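Here the protein sequences line up with chains A and B, keeping their order.
For what it's worth, the numbering used here labels the leading residue of the first sequence as 1, then goes sequentially.
For what it's worth, the numbering used here labels the leading residue of the second sequence as 1, then goes sequentially.
What the hints contain is simulated information worked out from the structure, not anything from laboratory work.
Careful, some of the hints might be misleading.
[Said to hold, decoys possible] To list a few chain A residues with every Cβ distance to chain B over 12 Å, as calculated:
id, residue
1, Thr56
2, Ser73
3, Lys75
4, Asn116
5, Leu125
[Stated by the list, open to error] Per label pair, the in silico range of CB-to-CB distance:
id, chain 1, residue 1, chain 2, residue 2, range
6, A, Gln67, B, Leu529, 54 to 64 Å
7, A, Arg66, B, Lys574, 18 to 28 Å
8, B, Leu529, A, Lys110, 53 to 63 Å
9, A, Asp98, B, Asn373, 29 to 39 Å
10, A, Asp98, B, His577, 21 to 31 Å
11, B, Arg291, A, Ser16, 23 to 33 Å
12, B, Asp351, A, Ala36, 35 to 45 Å
13, B, Lys220, A, Thr123, 46 to 56 Å
14, A, Arg66, B, Ser134, 49 to 59 Å
[What the hints assert, rightly or not] Computed list of lysine-lysine pairs in DSS-like fashion (alpha-carbon distance at most 27 Å, straight line):
id, chain 1, residue 1, chain 2, residue 2
15, B, Lys284, A, Lys87
16, B, Lys284, A, Lys110
17, A, Lys59, B, Lys348
18, B, Lys347, B, Lys559
19, A, Lys75, A, Lys59
20, A, Lys87, B, Lys293
21, A, Lys75, B, Lys559
22, A, Lys75, A, Lys43
23, A, Lys59, B, Lys344
24, A, Lys40, A, Lys110
25, B, Lys71, B, Lys3
Fair warning: this is a prediction, and the values are worked out from it, not measured in the lab.
Glycine is no exception: its CB is placed at the ideal position from the N, C-alpha and C atoms.
Chain residues, written in single-letter form:
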Amino acid sequence: MAKILIVDDDSALVESMKLLLEGHEYKALVATNGKAGFEKAIKEKPDAILLDVMMTHDKEGFEVSRQLRGNDSTKDIPIILVTGIRKVNNLPFSYEPDPDWLPVNAVLDKPVKPENLLKAIDTVLAPGAKAS
Amino acid sequence: MPKLTMDGKEIEVAEGTTLLEAAKQAGIKIPTLCYLEGIQAIGACRVCLVEIEGAKTLAASCVMPAADKMKVFTNTKRVRDSRRMVVELLLSEHDGNCQTCDRNNDCELQALAHELGITEVKYEGARTKPGKDSSTPALVRDYGKCIKCRRCVTVCNQVQSVGALFPQFRGFKTEIAPAFAKELKDVVCVQCGQCAAVCPVGAISEKSQIERVWTALDDKSKTVVVQTAPAVRAALGECFGFAPGTRVTGKMVAALRKLGFAAVFDTNFTADLTIIEEGVELLKRLTEAVRDKKPTVLPQMTSCSPGWIKFVEHFYPEFIPNLSTCKSPQQMFGAVAKTYWAQKIGKKAEDIYVVSVMPCLAKKFEAQRPEMNASGAQDVDAVLTTRELGRMIKQAGIDFGSLPDETADRLLGFSSGAADIFANTGGVMEAALRTVYEVITGRELPFEKMHVGPIAGLEGVKETSVKITGTLPDYSFLEGVTVNLAVASGLGNARKILERMKSGQAAYHVVEVMTCPGGCIGGGGQPRLTTDAVRKKRIQAIYSEDEAKKVRKSHDNPKVKQIYGEYLTTPLGKRSHHLLHTEYEQRNRV
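Between the sequences and the hints, there should be enough to build the whole structure, so can you do that?
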């Protein structure tokens with residue numbers, strides 16, 4: 001059973017994602033801020049991480065993604081950014097993976113449809129899929 | 001339709017055609033000097049003289065209408081001698097020194113003297129009073145070199161409707177100067193440099209900052225970076241013998257590296273940034289007006305062109321609230337280079353020296369506006385025109401034609417095709433539409449190749465409307481709304497739009513104005529002489545540059561996303577407001 005780490009400070013959203021994942025035979029782990037998420041990723045070695053951006057500060061998820069890539073024990077774990085930053089910050093674009101500064105595998109804008117979240121997880125867990 | 005012969009060749013021309021135009025149609029070259037196609041034909045210089053059978057005197061072909069049965073001769077001894085004498089008389093007054101003149105090898109009078117076979121100036125007599133006016137940031141008038149052709153007067157008054165230059169005094173004492181022969185700083189001048197763009201000699205030109213840039217490049221305590229405006233790449237080649245419309249982006253980047261710049265960036269990057277900020281500003285104004293029914297200032301007017309900004313500040317201050325608060329891409333670049341990029345390389349703002357290469361003279365004025373120091377230092381330290389860069393490359397002994405194509409440094413140098421088209425009239429509007437339309441509807445702008453045909457091209461005032469349908473839920477309040485757009489290039493055309501709005505004859509949501517006819521591709525700092533034929537070729541080169549890009553919309557530029565993700569956070573946010581936006585001031589009308 002694949003382990004998915006959810007790093008998000010929105011408890012209601014975490015709960016619904018957890019239920020969704022567990023309903024689809026994933027084991028869900030949870031951390032509610034970037035620091036706890038990073039520590040849990042080292043300890044638990046999840047198969048993928050769902051990472052929020054705006055937690056204790058506005059760019060936390062971006063920084064955590066680089067931290068995860070910079071650590072030997074987490075550098076290969078696929079990261080899916082799940083963020084409401086586009087709407088909150090009134091951006092006319094969605095963020096995308098960028099090896100220069102945003103080393104994640106995918107970016108999903110909140111609200112995310114359950115089928116899109118599951119599809120993104122399937123894609124990063126597929127045999128041959130590589131961390132960005 | 002008059003039928004006439006010219007040098008024995010029978011031709012038929014439309015009623016009202018001048019002999020000069022008839023000659024052109026017949027493939028006969030007549031030299032000119034004061035004439036400016038489509039702008040000025042006043043017969044002042046007499047260089048275009050021709051002989052007409054039966055006429056007592058020679059006639060200036062630029063003002064003589066063709067008539068039926070006329071027999072015209074353009075190459076008789078009398079014509080050749082007279083033209084030569086006209087030019088010899090001009091040279092006898094001209095306080096010129098070709099070897100040290102800024103216009104050496106780029107001077108219409110010098111070229112004409114050579115073409116007419118003048119090897120000595122036979123006439124001795126009074127010379128034009130020498131003297132210089134360096135009172136403004138962008139322009140130097142060297143009035144001893146002025147040949148009174150009046151091209152600058154016509155362009156300043158009729159094309160730009162600014163009225164800074166007129167003939168002062170009479171007869172031999174005539175000076176082409178501001179009112180009462182004051183200095184340029186004492187009258188209203190928007191520093192557009194269209195006077196310098198049409199001057200056939202070295203009487204008015206840009207105030208050079210070449211030495212300042214060489215000094216900076218030699219200063220090891222400075223990190224000297226350069227940005228190049230989109231229009232430069234479509235014209236710089238002309239300084240090296242390439243045909244107008246030759247794209248030389250890659251060679252330009254290679255040349256800048258050879259000159260010693262620590263990083264070669266691109267104003268295009270901040271053109272993309274402008275679209276994000278200006279686009280969100282427009283969405284905010286539309287939301288307030290349409291959804292919230294709040295009193296909102298519309299149309300939003302573009303703010304990229306510093307001559308236009310100064311024009312509004314002087315002549316139409318009531319429209320200042322309409323101007324987008326976005327700085328021009330040049331100034332946005334200076335501000336982010338000295339903060340965001342400086343931090344990345346561990347430097348302070350004062351350690352970085354920002355050089356701009358612009359097709360524009362007003363950018364020299366803009367860079368020294370006192371408010372343009374958001375980084376804590378002057379954001380842009382030196383501004384070169386396209387012509388000045390051409391001179392620097394020659395001074396460095398670089399063989400431009402043999403340079404390889406290189407690409408700009410990525411972080412502040414990567415750009416979308418939408419940024420390229422900032423160079424063309426209608427381009428800022430099109431670039432903004434590519435983003436705003438997609439944000440509102442989720443669909444790409446529905447025009448072939450995303451080019452908004454009705455607002456492209458050289459016509460001075462262009463209007464069109466875009467009906468918004470199929471909106472995304474967040475913008476459903478705009479469903480069915482027709483957005484009215486107007487585009488003007490040349491300040492005389494801008495004045496027409498403003499007057500129409502003032503009289504209630506027109507109402508727009510968005511207005512784009514570029515100071516120079518045709519947009520930045522026809523800027524006052526571009527290689528001379530910019531005719532409409534040259535403008536068209538440069539415009540086409542810019543569209544080709546855009547179409548060749550993989551990324552063609554500003555909001556798809558990954559480096560724009562990076563700067564928001566790493567630094568700016570949100571459009572119109574606190575940091576963006578400080579670095580990327582500005583305020584305007586009402587200025588004297590006279």
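These are the hints, each one checked on the structure:
1. Thr56: 15 Å, holds
2. Ser73: Label holds. Min Cβ-Cβ 25 Å, cutoff 12 Å.
3. Lys75: For lysine 75 of chain A, whose nearest Cβ neighbour in chain B is about 20 Å away, the distance exceeds 12 Å, so it holds.
4. Asn116: 16 Å, holds
5. Leu125: Non-interface label on leucine 125 of chain A holds, nearest chain B Cβ at 26 Å vs cutoff 12 Å.
6. A/Gln67 to B/Leu529: 54 to 64 Å: 58 Å, holds
7. A/Arg66 to B/Lys574: 18 to 28 Å: Check passed, 24 Å falls within 18 to 28 Å.
8. B/Leu529 to A/Lys110: 53 to 63 Å: Because 57 Å falls inside the window, the suggested range holds.
9. A/Asp98 to B/Asn373: 29 to 39 Å: Holds - the Cβ-Cβ distance for aspartate 98 of chain A and asparagine 373 of chain B, about 31 Å, lies within 29 to 39 Å.
10. A/Asp98 to B/His577: 21 to 31 Å: 25 Å, holds
11. B/Arg291 to A/Ser16: 23 to 33 Å: 30 Å, holds
12. B/Asp351 to A/Ala36: 35 to 45 Å: 39 Å, holds
13. B/Lys220 to A/Thr123: 46 to 56 Å: At roughly 51 Å between Cβ atoms, threonine 123 of chain A and lysine 220 of chain B fall inside 46 to 56 Å, so the hint holds.
14. A/Arg66 to B/Ser134: 49 to 59 Å: Given range 49 to 59 Å: holds, Cβ gap about 51 Å.
15. B/Lys284 to A/Lys87: Holds. Lysine 284 of chain B to lysine 87 of chain A sits at ~14 Å (cutoff 27 Å).
16. B/Lys284 to A/Lys110: At roughly 22 Å apart (the allowed maximum being 27 Å), lysine 110 of chain A and lysine 284 of chain B satisfy the hint.
17. A/Lys59 to B/Lys348: The hint holds at about 23 Å.
18. B/Lys347 to B/Lys559: 20 Å, holds
19. A/Lys75 to A/Lys59: 19 Å, holds
20. A/Lys87 to B/Lys293: With a Cα-Cα distance of about 22 Å, the restraint between lysine 87 of chain A and lysine 293 of chain B holds, given a limit of 27 Å.
21. A/Lys75 to B/Lys559: 23 Å, holds
22. A/Lys75 to A/Lys43: 13 Å, holds
23. A/Lys59 to B/Lys344: 17 Å, holds
24. A/Lys40 to A/Lys110: Holds, because 23 Å separates the two Cα atoms, which is no more than 27 Å.
25. B/Lys71 to B/Lys3: Given pair lysine 71 of chain B, lysine 3 of chain B holds - Cα atoms ~10 Å apart, limit 27 Å.
Going through the hint list in order, the structure satisfies each hint without exception.
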